[in-house]
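Using the hints provided, position chain B relative to the given structure of chain A.
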Amino acid sequence: MERVMGGQKEWLYRLGRAWVAFFLLGEIVVFSIIGTGFFSARNFQNILVAATTILLLAAGETFVIITGGIDLSVGFVMGLACVVSAKIMVMLQAASVSQGLSILLGCASALLFGLLPGLVNGALVAKLRVPPFIATFGMYGVAYGLSEILCNNVPISGLPPLVGFIGNGYLLYYLPGKALTFFSPPQGIGRADIRAMIPLFPNVFVFSIIAVAIFGFILARTQFGQHIYAIGGNIDAARRAGIPVEKHLIRVYMISSFFAAMGGVMYTLRFVTGRADAGAARMLDSVVAVVIGGASLYGGTGSMVGSIIGTLIIAMLETGMVNLGLPTYNKYVYVGIILVLAVLVDQFFPEFVRKGE
Amino acid sequence: MEGERRPLLEVRNIVKRFGGLVAVNRVSMEVYPGEVVGLLGDNGAGKSTLIKVISGVYRPDEGQIFFEGREVRITSPMDAIRLGIETIYQDLALAENLNVYSNIFLGREKLKKLFNLIPVLDHEYMMQESKKVLDRLGIEIPSLRNKIKTLSGGQRQSVAISRSIYWNAKLLIMDEPTAALGVTEQRKVLNLVKTLSAQGVAIIIISHQLYDVFQVAHRLVVLRRGEKVGERLTHETNPDEIVSLIVGAELVEGGQRG
Numbered sequence: 003m004e005r006v007m008g009g010q011k012e013w014l015y016r017l018g019r020a021w022v023a024f025f026l027l028g029e030i031v032v033f034s035i036i037g038t039g040f041f042s043a044r045n046f047q048n049i050l051v052a053a054t055t056i057l058l059l060a061a062g063e064t065f066v067i068i069t070g071g072i073d074l075s076v077g078f079v080m081g082l083a084c085v086v087s088a089k090i091m092v093m094l095q096a097a098s099v100s101q102g103l104s105i106l107l108g109c110a111s112a113l114l115f116g117l118l119p120g121l122v123n124g125a126l127v128a129k130l131r132v133p134p135f136i137a138t139f140g141m142y143g144v145a146y147g148l149s150e151i152l153c154n155n156v157p158i159s160g161l162p163p164l165v166g167f168i169g170n171g172y173l174l175y176y177l178p179g180k181a182l183t184f185f186s187p188p189q190g191i192g193r194a195d196i197r198a199m200i201p202l203f204p205n206v207f208v209f210s211i212i213a214v215a216i217f218g219f220i221l222a223r224t225q226f227g228q229h230i231y232a233i234g235g236n237i238d239a240a241r242r243a244g245i246p247v248e249k250h251l252i253r254v255y256m257i258s259s260f261f262a263a264m265g266g267v268m269y270t271l272r273f274v275t276g277r278a279d280a281g282a283a284r285m286l287d288s289v290v291a292v293v294i295g296g297a298s299l300y301g302g303t304g305s306m307v308g309s310i311i312g313t314l315i316i317a318m319l320e321t322g323m324v325n326l327g328l329p330t331y332n333k334y335v336y337v338g339i340i341l342v343l344a345v346l347v348d349q350f351f352p353e354f355v356r357k358g359e
Numbered sequence: 534m535e536g537e538r539r540p541l542l543e544v545r546n547i548v549k550r551f552g553g554l555v556a557v558n559r560v561s562m563e564v565y566p567g568e569v570v571g572l573l574g575d576n577g578a579g580k581s582t583l584i585k586v587i588s589g590v591y592r593p594d595e596g597q598i599f600f601e602g603r604e605v606r607i608t609s610p611m612d613a614i615r616l617g618i619e620t621i622y623q624d625l626a627l628a629e630n631l632n633v634y635s636n637i638f639l640g641r642e643k644l645k646k647l648f649n650l651i652p653v654l655d656h657e658y659m660m661q662e663s664k665k666v667l668d669r670l671g672i673e674i675p676s677l678r679n680k681i682k683t684l685s686g687g688q689r690q691s692v693a694i695s696r697s698i699y700w701n702a703k704l705l706i707m708d709e710p711t712a713a714l715g716v717t718e719q720r721k722v723l724n725l726v727k728t729l730s731a732q733g734v735a736i737i738i739i740s741h742q743l744y745d746v747f748q749v750a751h752r753l754v755v756l757r758r759g760e761k762v763g764e765r766l767t768h769e770t771n772p773d774e775i776v777s778l779i780v781g782a783e784l785v786e787g788g789q790r791g
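Taken in sequence, the protein lines are chains A and B. When we follow the numbering used here, the leftmost residue of the first sequence carries the number 3, and every step to the right adds one. When we follow the numbering used here, the leftmost residue of the second sequence carries the number 534, and every step to the right adds one.
Calculated directly from the structure, the hints in this document are not laboratory data.
Capping the alpha-carbon separation at 30 angstroms, the derived lysine-lysine pairs in DSBU-like fashion look like this:
1. A:LYS249 <-> B:LYS682
2. B:LYS585 <-> B:LYS682
3. B:LYS664 <-> B:LYS703
4. B:LYS727 <-> B:LYS665
5. A:LYS129 <-> B:LYS643
6. A:LYS249 <-> B:LYS646
7. A:LYS129 <-> B:LYS585
8. B:LYS682 <-> B:LYS703
9. B:LYS645 <-> A:LYS249
10. B:LYS643 <-> A:LYS249
11. B:LYS703 <-> B:LYS645
12. A:LYS249 <-> B:LYS585
Source: prediction; values computed, not measured.
This is chain A alone, in the form it adopts within the complex (with noise of 0.2 angstroms):
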């Protein structure tokens, strides 16, 4: 008999694939019930907030880990990014540069910059073979090093004041009844009226979320998306198939790095500071988000919007335990148990998370 997936299981298939998708509904209405506060536009701006850093990793790491890698370098590749940008911010400045300038330079360079680790990692893996956990892992000590000599150990600070208007900003701010505006809140309004001010969507999170749009339209949709998967999925029939395996891993991990620079930049817009360990624990809940999302350590799967539901999973357990006045590492104990789970069920019942179209 062929095996063609049974019918009345097919049910058990589609639950599996949108197991997720229920969980973060739980999460909301947990939270909701138990928390005081928690179901408030204001609330859900900080969990998109929250999530910022998270979904820039977790974005880089979902190409990574669909080709049967891992990127354990991203949290301090972050890091490292935030040094650069904040201390070329500062001395652009302290050069009398024009604040926005500054800024602009600052990001753009910190960006760039931030290839490189990939690039290092991506030839390491493709060329020379070595393990994507040993490659990164050796990455992750020389880009922390590296951020800490930068800034002599102490977090870079005097950043022009912009950086963190910018940062801490909205895309929109509407006054119910009386004003929308862009970018800044409405000119001379009365305190009452700030209180009542509802600011809607976080610069940080709409830069991101563009980015991430991008990144996961090019998984989806083009050539080089599928051919990601084709070599996690069998990487010698895509060498036969006249894939360049070695070039598109090296591209994998510079769009890895790329991701956890802008997680860094990002970091140093919020917080106008530059820490060599903005990102330090951050690898961590990046790994799980893509596991979350329903894509496999073992290669070949994983989506773009799985990991952004599996972001948000995290972020909300975040932001959900400081509502309800709870430190936010008892987190970390939830997020390491679902990764190892998840890994558990993959290795167990493949069928259930490796299923269908």
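Using the frame of chain A, we list chain B on its own:
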């Protein structure tokens, strides 16, 4: 079959040595368009080595290869594929996490322009084209959107074969195509071989299952210890004669085989 026609593939006096061992010793053979040739021999007779020379995995130490009348040098599997010689491997070289049509178009995806600007995958085209080639070969697969991992061994093999046919393979090399398949699936694969042959595709088939080979092959080439010891038209021979060629005995006691 042969008649006045030109052979599609002709190998002349191929020699392949590994150190002191002569794995293939001055073997010559031809394959005509649409012909199914069974390559037979005991383990170590040199079948696989000869096949690997033809498919570009090994380079011969001596001898010549002609394809479509021209002498060719096949220095890599890619060279062979470019000429139209495809080997269907047992591990099949499919990406199990991708669906049927994506595998048929793997590495040669059809693109279209989104908003006249961004090149994206043209799923509809790849699906329709894949459907055409599967229909032409009489292959049934429930849905071309199914991932390869949901397919049976025989179906996977059919997909691998369809892929090479779609990309204009003229000569297929099949190494033990019916091994590890159930009876129904074996029959389907053999039917597919007949269909391919009827459509002008030449096939070299290696199998230990004499019964299978006799069903589909037009001509049989027998190797022993690296040398060609016999060549017979299938309808002019019988399994007993072939077995005696394979084992090298003038006479073998009759009995069960195939």
